[in-house]
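A.B. asks: Kindly produce the complete structure, drawing on both the sequences and the hints.
Protein sequence lines, in the order shown, are assigned to chains A and B.
All residue numbers for the first sequence refer to our numbering, where the first residue is 1 and numbers rise by one.
All residue numbers for the second sequence refer to our numbering, where the first residue is 1 and numbers rise by one.
Everything labelled a hint here was simulated from the structure, so no lab data went into it.
Heads up, a few of these hints could be off.
Unchecked claim - Each computed DSSO-like pair below joins lysine-lysine, with the alpha-carbon atoms no more than 27 Å apart:
1. A:Lys-440 x A:Lys-200
2. B:Lys-409 x B:Lys-209
3. A:Lys-440 x A:Lys-494
4. B:Lys-476 x B:Lys-327
5. B:Lys-488 x A:Lys-233
6. B:Lys-488 x A:Lys-200
7. A:Lys-383 x A:Lys-440
8. A:Lys-519 x A:Lys-440
9. B:Lys-46 x B:Lys-57
10. A:Lys-233 x B:Lys-339
11. B:Lys-209 x B:Lys-57
12. A:Lys-519 x B:Lys-409
13. A:Lys-383 x A:Lys-353
14. A:Lys-494 x B:Lys-409
15. A:Lys-535 x A:Lys-494
Claimed, not checked - Reference excerpt, derived from the structure (chain A facing chain B, CB under 8 Å, subset only):
16. Asn-146
17. Gly-212
18. Gly-231
19. Glu-234
20. Ser-242
21. Pro-244
22. Gln-332
23. Thr-469
24. Arg-470
25. Gln-473
26. Pro-474
27. Val-491
Glycine included, C-beta positions come from ideal geometry on N, C-alpha and C.
Here are the chains, one letter per residue:
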Amino acid sequence: MFGHSCLLTLMILPVSLLAQVDRDLPGVSAVLEALKTPPANATLLPLRSRVDGVLVALPGAVPPSQRPCLLVVAGLNPDHRVGVQLAARLPAALFAAAQTDTALAETLARYTIEVIAAPAPEALEFAASGPVRECRATPEPVDDDNDGLVDEDGPDDLDGDGIIATLRAPDANGVWRSSDEDARLLVKADVSKGERGVWKIVSEGIDNDGDGLVNEDGPGGVDLDRNFAHGWKEAERSAGSSCPSETASRALLEHVLQRRTVAAVYVLGWRDNIAQLARTNDAAAPRAPNGLLPEDVAWAKPLTASLAKILGANDGTEDSADGGFHQWAYAQYGVPAFASRVVYRTELPAEAKLPSGKAPESVDAKWLLHSDLTGGVGFMPWKACAHPTWKGAELGGFMPLWKVSADEERLAVLLQAQVKAVAAIVQAFSVVRIETLDSKALGSGLHEITVDIFSRGSLPMATAQARVTRVAQPLLVRFACGEARLIDGAVLTKLERLGDGGHERLRWLVQTDGHLDVKVSTESPRSGADAASLKVEVR
Amino acid sequence: MSRIAFALLFCATCTLAQQIPPTHVPQLKLEWNRFYDYGAMTEALKLMEAGSSGWMKLSSLGTSVEGREMWLATINDPAGSAAETKPAMWIDANIHGNEIQGTEACLYTLWYLLENRERLPRVRELLARAAFYVLPSMNPDGREFWFHDANTASSSRSGKGATDNDRDGLLDEDGPDDLDGDGSITQMRMCVASGGTHIIDPDDVRLMKRVKPGVQGTHIMLGQEGIDNDGDGAVNEDGPGGYDMNRNWPSDWQPDWLQGGAGPYPFCWPETRCVGDFLRAHPNIAALQSYHNNGGMILRGPGAETIPEYPSQDVAVYDELGKAGEKMLPHYRYMIIWKDLYQVHGGSITWAFENLGIFGFTNELWADAQYGGGSAGDQENSQKSRLEWDERMELGKNLRPWTAIKHPKHGDIEVGGFAKTSSRVPPPFMLEELCHRNMAFTLYHAAEMPHLEVPMLSVTKAGAGLWKVRAEVHNKKLIPTIAALARKRAVVRPDLATLEGELKVLAGGIISGPVHDEQLERQEHRAERLQVPGGVAGHGRVILEWWVSTADGSAPRGRFTYDALKGGRVSETLPGS
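C.D. replies: Given below as structure tokens:
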């Protein structure tokens with residue numbers, strides 16, 4: 001009886017481990033199908049790939065496709081499926097929230113939120129196929145190890161449990177040692193402190209091609225979220241042969257560049273610049289920046305802090321330029337750009353301790369304790385593994401993708417947080433308006449026309465980086481004075497920025513003996529449009 | 001020299017002379033004293049293909065922004081192995097639409113190879129072991145626009161994708177205008193009562209001369225012919241195109257504000273993308289020439305100061321080729337792009353070398369010195385020199401006299417100056433020499449692509465049932481099978497040396513060190529397939545050794561193969577097999 005229940009337990013445990021990880025291909029397929037029929041109020045916008053962008057907007061003065069837009073993108077990391085699931089549900093959730101949130105409703109009447117949940121559905125399917133594992137690659141084969149063979153040596157599920165675990169093996173010249181916080185964890189040995197590594201680690205697998213290396217050329221190829229130009233690593237095959245090289249990344253870029261109305265970008269995936277504010281640029285001009293320009297820190301810092309609070313973001317690390325889409329969006333496209341890991345570690349009780357009796361300090365130790373406190377589903381105990389070439393090999397480590405997985409109950413909570421985060425970004429957009437338009441008679445038919453343009457909102461009309469990149473159209477101020485003669489001033493003024501306090505005053509001098517019929521308009525794809533007119537009967 | 005040897009040489013020379021007599025009339029009738037627009041270029045290519053007996057195949061790499069085919073001509077012996085199995089030379093031209101004469105150089109090269117593939121042993125030998133991929137125009141839209149629309153010598157550099165250069169939300173809405181309808185964009189001048197900055201040159205009324213500060217001039221110069229088409233107060237600020245396809249390659253690519261004309265991302269235009277895709281898909285390409293104009297230069301990378309100089313072994317190859325080019329091309333100088341010209345981020349030849357390991361040059365065709373006077377830095381004398389040349393050698397063909405017109409904003413003005421054919425392109429009567437000399441340089445470059453042979457393959461008994469197999473692979477030419485930079489960046493697959501047959505490989509590796517102190521650098525795994533990451537150096541050799549056993553103890557029977565992506569494949573049967 002006891003033996004029988006033991007056996008049942010052993011059978012159940014692996015299943016429950018898997019259930020904690022969203023590897024359900026049918027679930028992902030359902031998401032992709034659902035994207036083809038967006039909520040009633042949303043609009044499908046064609047993207048040059050198999051999945052369309054969904055526009056979330058309420059009726060307003062300007063058609064949704066012409067409004068300043070927040071672009072939300074998921075699925076660039078195809079194994080980060082919780083991001084795709086949330087992105088797929090986001091449009092409906094936003095519409096639902098707008099039913100009761102007046103501020104959000106007004107925002108959706110003025111701006112558009114475009115959601116692209118999966119620019120590369122084939123990558124999603126590829127990552128979801130086979131054993132549970134981290135998989136950032138597109139399916140197209142790449143010769144990762146430059147040996148003339150392609151995808152010949154990838155991970156192997158040695159113990160047949162449906163999971164690609166971490167494989168460690170004793171190695172006198174190893175790089176890794178057991179952590180002082182908890183022996184289950186591995187940390188790199190610090191040789192400068194006299195530490196010695198005793199382990200080598202790889203993902204579960206064997207030397208399939210007999211070249212002495214393990215898993216050096218697995219299936220697939222390019223990491224989409226390293227395939228964009230800012231910080232792109234030339235000659236690194238996983239970053240692609242160009243920036244971009246992949247159909248999906250090129251489609252996404254073309255989509256943004258053709259639309260011209262994208263005013264901010266928000267990416268859901270492994271990368272994160274919310275838990276830790278992006279660094280301030282210290283690259284010597286005129287090179288590409290390696291962080292936020294100092295002037296942009298002024299808006300980025302409070303908004304990032306706000307988002308971090310909404311999302312419960314923690315465990316931040318530096319968001320180094322590495323070909324990420326959100327990094328391109330700021331550094332080369334010049335818009336505020338955020339990235340969220342979506343699933344953050346739940347804060348631990350203050351008194352919680354590791355089995356060693358120590359309070360966790362490192363991020364991994366905190367995750368390990370979190371796993372221990374929730375049934376141990378996030379960490380697989382090390383167990384011996386029969387390996388053809390490495391004696392003493394063991395399998396174990398963090399369950400792949402566990403840290404970014406969520407059950408339905410948690411998904412609902414995360415979704416609401418993302419609704420708030422998205423709303424916070426859009427509600428920070430600048431509103432550029434003509435607030436005053438005046439004329440002043442100077443005598444003898446001369447009139448001075450004055451216009452005051454203001455940008456309101458916690459985000460500036462244009463980031464400092466946008467003024468460097470000059471990708472965006474500046475604010476165009478057009479002046480027309482009908483039959484009057486323009487003496488001084490331009491019919492078209494281009495403003496890269498507004499003056500201090502987000503205010504710019506422009507003046508024109510016109511001459512007329514008859515009517516004064518002045519029209520002033522402002523226009524910028526990222527800030528919207530406004531117009532004012534003035535009629536004066538001159539005697 | 002002995003009398004017999006002299007006699008033999010004399011006879012051989014006579015024989016050759018009989019093969020190409022002075023009265024020889026080329027079979028393929030093409031002219032080399034004219035330029036070819038896109039239509040004429042296409043006709044010439046089809047004519048050559050039709051008359052090539054299968055030696056030339058014409059295909060399209062894709063279409064340009066305006067839908068023109070990107071014609072690629074492949075030259076390969078139809079009776080031999082496929083082009084992809086041989087070292088190949090890539091030649092392209094005209095990535096800048098106004099830099100036209102490289103197209104004629106490409107056409108000439110094709111024509112010359114086809115005409116002489118049987119007549120000249122050197123051509124025959126080269127075509128037996130190498131293939132050519134020739135793209136006469138990488139920017140057919142820009143080319144066609146230069147030919148048939150009003151331009152300067154320097155305009156229509158760009159492709160024809162519409163861009164918003166002045167960032168006013170409109171695309172290509174305000175370019176130059178041919179106000180006098182003469183087919184060129186020249187200069188506008190206006191006579192003024194005060195505030196003049198120029199006077200008519202007292203030495204030559206066709207020229208304008210700037211006056212010194214404080215001196216009253218008679219005219220002001222109004223810039224290039226044009227009007228304010230979009231009414232924004234600026235003239236000619238957003239003409240057709242407006243980008244530079246030779247800044248669009250993913251090697252040290254920088255965004256537009258750091259490298260003007262680079263476009264939003266590498267390979268964003270169909271023209272560059274289809275060429276990039278082809279080059280990547282054909283790792284047998286070992287040499288490259290990309291023709292531009294002008295200046296009389298033989299350029300190599302690096303393109304920017306921040307890129308380290310290439311490894312010395314690669315520089316040595318470039319130096320030998322480049323300096324030979326200086327001798328073959330009078331007035332041309334062998335130069336490093338960033339150091340001797342200017343910074344170029346995202347250039348095509350630097351991408352080809354740094355990412356694909358292809359030794360490539362850009363020849364800037366035509367040097368002003370070929371006119372016989374003047375220098376680029378001395379604008380006044382240069383203009384006078386050009387005028388003199390135009391008068392005496394081209395009978396005034398290139399200068400447009402000042403002509404009065406009515407300008408919508410300025411009223412009475414005059415337009416005039418040098419036509420688009422007056423500089424950067426050679427006068428047609430000097431075109432054939434330009435084509436031939438540059439072709440000769442590229443054929444020399446191509447002839448130095450790797451040429452592998454196996455002068456030694458031995459099987460030696462080493463013990464009971466144990467044999468030593470040794471193979472020596474030589475590269476007879478200058479260009480290595482793998483550039484040192486390519487090895488360092490791991491962008492070219494290592495050469496592969498395989499041994500297969502009725503044998504079991506027990507150990508194998510590359511022999512290194514001097515003859516008297518050889519070392520076997522064993523490859524620990526899969527020794528039957530040795531990887532040679534450094535390839536075979538130019539004029540160098542690699543020695544491979546295997547220790548094998550056989551089931552019955554007899555001598556192994558099998559085959560040795562050496563496979564170099566850029567050197568082709570050589571294969572020999574083991575002695576005794």
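A.B. asks: Keeping to a limit of 27 Å between CA atoms, is the pair of B:Lys-488 and A:Lys-233 held or broken?
C.D. replies: 15 Å, holds
A.B. asks: For a C-alpha distance cap of 27 Å, please report whether A:Lys-383 and A:Lys-353 respect it.
C.D. replies: Status holds; Cα separation ~24 Å.
A.B. asks: Are B:Lys-488 and A:Lys-200 close enough, with their CA atoms no more than 27 Å apart?
C.D. replies: Within the cut-off at roughly 26 Å; holds.
A.B. asks: Below or equal to 27 Å on CA atoms is what counts here, so check A:Lys-494 against B:Lys-409.
C.D. replies: 23 Å, holds
A.B. asks: Need the status of pair B:Lys-46, B:Lys-57: alpha-carbon distance at most 27 Å?
C.D. replies: 9 Å, holds
A.B. asks: For the hint on A:Arg-470, does the least C-beta distance to chain B fall short of 8 Å?
C.D. replies: Nearest chain B Cβ about 6 Å off; hint holds.
A.B. asks: Closer than 8 Å between Cβ atoms is the bar; does A:Pro-244 clear it against chain B? Give me holds or violated.
C.D. replies: 6 Å, holds
A.B. asks: Should the interface hint for A:Glu-234 be scored as holding, given a Cβ-Cβ cut-off of 8 Å against chain B?
C.D. replies: Nearest chain B Cβ about 7 Å off; hint holds.
A.B. asks: Is the interface hint satisfied for A:Gln-332? The criterion is a beta-carbon contact with chain B at less than 8 Å.
C.D. replies: Cβ of A:Gln-332 sits 5 Å from chain B, so the hint holds.
A.B. asks: What's the verdict on B:Lys-209 and B:Lys-57, does the C-alpha distance respect the 27 Å limit or exceed it?
C.D. replies: 53 Å, violated
A.B. asks: Straight-line Cα separation of A:Lys-519 and A:Lys-440 no greater than 27 Å?
C.D. replies: 15 Å, holds
A.B. asks: Holds or violated: are the alpha carbons of A:Lys-440 and A:Lys-200 at most 27 Å from each other?
C.D. replies: Violated, at roughly 80 Å.
Checked against the numbered hints listed earlier, the structure breaks hints 1, 7, 11, 18; every other hint is satisfied.
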